[in-house]
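Use these hints to put chain S onto chain E, whose structure you have.
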Amino acid sequence: MANSRNGSENGAEGAEGAFVGFGEEWRQSNLTPTEARRATDWVEARIDKRSMLTSKERVEDIRDAMWQLEKDGEILIHRIDDRHKPVIARTLYGWEKKIPTTNLWHHKSCGQCGNIPGYPSSVMWLMNQLGTSYIDETDQTSCTAWNYHGSGIGNVVSLAAVFLRNFHQAYISSKSQGLDVGTYFPLVHCGTSFGNYKEMRIFLMHSAELREQVKKILAKLGRLVDGKLLIPEEIVHYSEWLHIMRDQIRDRQTLDVSNVRATVHPACHVYKMVPEDVIYDETVLDGNRVAVSTGLLQTLGAEVVDYSTWYDCCGFGFRHIIGEREFTRSFAIDRKIKVAVEEARADVMIGHDTGCITTLDKNQWIGKAVGKVYALPIMADCQFAALALGAHPYKLAQLHWHASPFETLLEKIGIDWEKAKVEFESYLDEVKAGRIETLYDPKRAITSGEGYVKPAALTDAGGNK
Amino acid sequence: MAGRMSAIGDPLSAEPPVAREELEEIFEDISSHILYDHELHGCLNCGICTATCPSAQYYDYSPREIVQLLWTENLEGIYDAMQEKIWACAQCYTCAARCPFENSPGGLVMIMREVAIKHGMQSAKEVLRPFSRVLLKVISTGNQLAPNMITREAFPDWGPNVSKVDAPLNILRKAIPVPTMHTMDTAWAVNLKTSIELYTIWEETGVLDQLETVDENLFDVVCDVMEEKREEYEEWLEEQENADDD
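Line order of the protein sequences matches chains E and S. The number in the working numbering is simply the position in the first sequence, starting from 1, with 17 added. The number in the working numbering is simply the position in the second sequence, starting from 1, with 43 added.
So here's chain E without its partners, still in its complex pose (with noise of 0.2 Å):
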């Protein structure tokens, strides 16, 4: 494990457990045990607020020049119209941001798809019970933002041109189902996806460089839309269609999950990365926390509690979590694992984004080694509220991917865990058969290319060809 420089919960102790890394130029303050509380409690009083992200003088909200440059005959705005049925709510500043609740373009993440299958598989089954219209196909690549953010390898320009390729084939993906262009709007699934993405678009408005350079590329793709870059009126995680939905997801709920006592990590590419385009709810922690995950488990009845390093990272780090992994499960228990259990009493830690599930999960098992000892359930909020629903926890939440142990917390939620894996087992052998069971009809996953099938109303002999 890679020793912490704060070895001391003050970092006042003297030596051992001084600060470093600050620069040559750093001293000891050299504080009391009892001065340095003090003077922790006056930092955190004011640092664990909403405020600390809203006192800026730079922020700008970049759909108002998305709007001119659309007037400018630059850009073309993919708008969140009739067809999405949009919700609004208000994000940090109090403005406000569409929502889109249906005719949704799934833009998966691959570590997600990768590593915890039950994240997208719970957010569909969720959208199935709601009757919620969407498309899950083929042909997108991820962000490749996790790859930038750790290795330097890809640019703005790179990261740019991959998000407006994405969303162009969101939004012309309709056609292959004989729909109008636009039909569906993309939701981001992945945490670093939405930021990045939020970051690409204001990048975009500021630069006419940029814009150039990525019309160019896009052009070459056959993506551009009457000649100009199409840009998306909202970029929305699912996290925030979960949130706008809970009333909805409450009013499906079949378990009782008071007695869960749950800690939600925030994700920092969710809430760090444009700050200023996040959900806030005064009813949510009293507005000092973005709303979503926690939003939603207050509504399903879970007591949701606040601990002292909710804003901390996971510690997956980008290039951390592949090379220096000493970091991350440091990070990760002595941060964030330790504190849900021995401060927060937590049954379970609820996340939003690929890399914190992945890392609080896969990251405890070797605290052994050290005798840091702790079992602390992680999941997503999404497969938090798909078991809440009666889903079941292996077939459709696939918790057999997670590492941390999820079985007392499912006893304590009233599911058989025994009899539900017996169940899945024995689904295996289907599995084998080939008798496989789909959210979807898989043919809709595929809206080009090497097979697809064009739908009967499409095909000039009314058949599929």
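Incorrect hints may have been included.
[As the list claims (entries may be wrong)] Part of the chain S face toward chain E, derived, beta carbon under 8 Å:
| no. | residue |
| --- | --- |
| 1 | Arg156 |
| 2 | Leu178 |
| 3 | Lys272 |
[As the list claims (entries may be wrong)] Far from chain E, some chain S residues (derived; all Cβ distances over 12 Å):
| no. | residue |
| --- | --- |
| 4 | Leu55 |
| 5 | Glu116 |
| 6 | Met192 |
| 7 | Glu246 |
Don't read these hints as lab results, they were simulated from the structure. Positions of the beta carbon are idealized from the N, C-alpha and C atoms, including for glycine.
Just chain S, lined up with the frame of chain E:
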């Protein structure tokens, strides 16, 4: 961390100091980056960024120091920080969210990483070696992670419970109720045309040049994969044309 390079100006180092021209060229690449003015506005040395930084607790790294080096145009210090410190940043952007000046130290670190790669710094090559599996996957497929990359051998510290049901990976993948995820080599099934479009983006934006600079062997492998997939796509297009003619 990768092996520390000799700091310039180190009296004990036998390495010659880096030429002034090179230091200036590096700073010019950083300060002319399209996002530089967006990420740096000033600095009062308040240290909120470092106080809230996860990496500062574990590494000899301080976002405040990075901002100060750039703001004061300390070319030697910038070069020195690019050897190791910039790779400690966890990219959480807590610093950016809290900076009263609205700087983004995390964003500045990304600019410096890009420039470290452009200049083929040995430290960047060493730091990125463990990342090569991700680089290969994302550049050749557009997915950054695949189910068959998560193995007990690759992640022994994740423990024995990475899968709590004992069954072959391909069966477990087919038991996911999302049809696009019945895959092993990629996180979801990706259209061939999608990958081809992505290759164009890599070529047009200099990403392949970056890859060649840090890892020539990996670059060769990626080029081979791209060529194969492009041929495969051309063949499919020809088949479609022939079918249409029939």
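### Message
Going through the numbered hints above, which ones does this structure break? Give me the numbers in ascending order.
### Response
Hints 3, 6 and 7 not satisfied by this model.
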